[in-house]
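Visitor: Please put together the full structure from these sequences, using the hints given.
Residue numbers (our numbering), protein chains in the order written: chain A, 33 to 112; chain B, 678 to 946.
Among these hints, one or two may not hold up.
[Said to hold, decoys possible] Covered stretches of chain B (in silico footprint by chain A; criterion: 3 or more residues with CB under 8 Å from a CB of chain A, positions within the stretch not fixed): (1) 798-812; (2) 828-836.
[What the hints assert, rightly or not] Straight line, CA to CA, 35 Å or less: simulated DSBU-like cross-link-like pairs of lysine-lysine: (3) A:K60 x B:K754; (4) A:K51 x B:K877; (5) A:K47 x B:K917; (6) A:K47 x B:K877; (7) A:K47 x B:K689; (8) A:K51 x B:K754; (9) A:K47 x A:K60.
Please keep in mind that the hints were generated in silico from the structure rather than gathered at the bench.
Every residue gets a Cβ at the ideal spot worked out from N, C-alpha and C, and that includes glycine.
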Amino acid sequence: MFRLFGRKRSRESVKERLKLVLSYDRAKLSPGRMEQLKQELMVVIVKYFPAAEKDYDVRLEQHGDRMVFTADLPLSSADA
Amino acid sequence: MNARAIVVTSGKGGVGKTTTTANVGAALARQGERVCVIDTDVGLRNLDVVMGLEGRVVFDLIDVFEGRCRLRQALVKDKRVDSLHLLPASQTNDKSSLSEARMQETVRRLVEEEGFDRVLIDSPAGIESGFQTAASAADGAMVVVNPEVSSVRDADRIIGLLEAREIQDVRLVVNRIRPEMVKRGDMLEVEDVLEILGIKLIGIVPEDERILVSTNVGSPAALEENSRNGAGGAFRDIAKRVRGEDVPYAQLTVPGGFLTGLRRLFGGS
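Guide: Right, here's the structure in full:
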């Protein structure tokens, strides 16, 4: 991350930052709302998987023409 | 491009809309088309000075809309290329008569009654009514973008709005590329911008100080035939592609070497 402030390859940083910000722009969802969504989803998820990891990953991905919401939730051995 | 009326837009200001309109318009006219360029930036007229025609403006777009003159009276004929005309914006900020219906009617008459082959519409910056009015009369668009984070983000918004208007032919002009910065990995490459925005390319224009010189004197760089490798040549190539010619993308040169990759990427298309 801190390479961002260095002199090497700022092209890679700007490319990744643009992809991320445009995924939120296109979905008309702010990063803060996304975090809220993640927290609210967690409340539902633990009802079904009590031992689910709290720190799961949600993101928006561009699949061709469409934007896809993805949640990546590893289940612990207690649930699976 | 099959489009007769092409809006030149960007979202962000200062990325080169007016320069692109003036140069591509001048090049299209030099290549034989009858061209009208329209400045729709009401209150902030600039296409006239960039083209060196400010001394000839009598009437403007708002005068046409409000019936103070006939359409033909407001057209300013270029002093270098006979087939090039400018329809200037007004310099007063009264936008009350600016409407999509009037804009569409004016462009229709330029094509059907005044016999123009191509109308280029220079849009104001922003995504508000000025842009919407300009886009309403267009059947094609050139989105001008600089390889820089805020310009690319704004271009993405504009592309979404153009698609919502069902403008079919939306093409990208990547302006102000600095080959030496691309070479050392400190600037977005054209392929990155295309990947992120997902629309087709129509031009790659290098940063070129001759553009400032040409606007200083009010003479579009695209009309200077000796500017083969700079922005002037790039704008002439865009005009040829607008006309349907298959023009390969020129290699951008950097001091001490060549940028390969551009040709590899775009040579075939």
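Visitor: When you check the alpha-carbon spacing of K51 (chain A) and K877 (chain B), does it fall within 35 Å?
Guide: Measuring from Cα to Cα gives roughly 18 Å; hence the hint holds.
Visitor: Mind checking the alpha carbons of K47 (chain A) and K689 (chain B) for me, to see if they're no more than 35 Å apart?
Guide: 18 Å, holds
Visitor: Would you mind confirming whether the straight-line C-alpha gap from K51 (chain A) to K754 (chain B) stays at or under 35 Å?
Guide: It is violated: about 44 Å lies between the C-alpha atoms, which goes past 35 Å.
Visitor: So is the stretch 828-836 of chain B in contact with chain A by the C-beta rule, three or more residues under 8 Å, or is the coverage claim wrong?
Guide: holds (count 4)
Visitor: At a Cβ distance under 8 Å, does chain A reach at least three residues of the stretch 798-812 of chain B?
Guide: Coverage by chain A is violated for the stretch 798-812 of chain B (0 residues, Cβ < 8 Å).
Visitor: Does K60 (chain A) lie within 35 Å of K47 (chain A) when you go C-alpha to C-alpha?
Guide: Holds, because 20 Å separates the two Cα atoms, which is no more than 35 Å.
Visitor: Does the alpha-carbon distance linking K47 (chain A) and K917 (chain B) stay inside the 35 Å limit?
Guide: 30 Å, holds
Visitor: With the threshold set at 35 Å, check whether the alpha-carbon distance from K60 (chain A) to K754 (chain B) stays at or below it.
Guide: 45 Å, violated
Visitor: Regarding the pair K47 (chain A) and K877 (chain B), is the alpha-carbon distance no greater than 35 Å?
Guide: Holds - the C-alpha atoms of K877 (chain B) and K47 (chain A) are around 18 Å apart, at most 35 Å.
Violated hints for the displayed structure, listed by number in ascending order: 1, 3 and 8.
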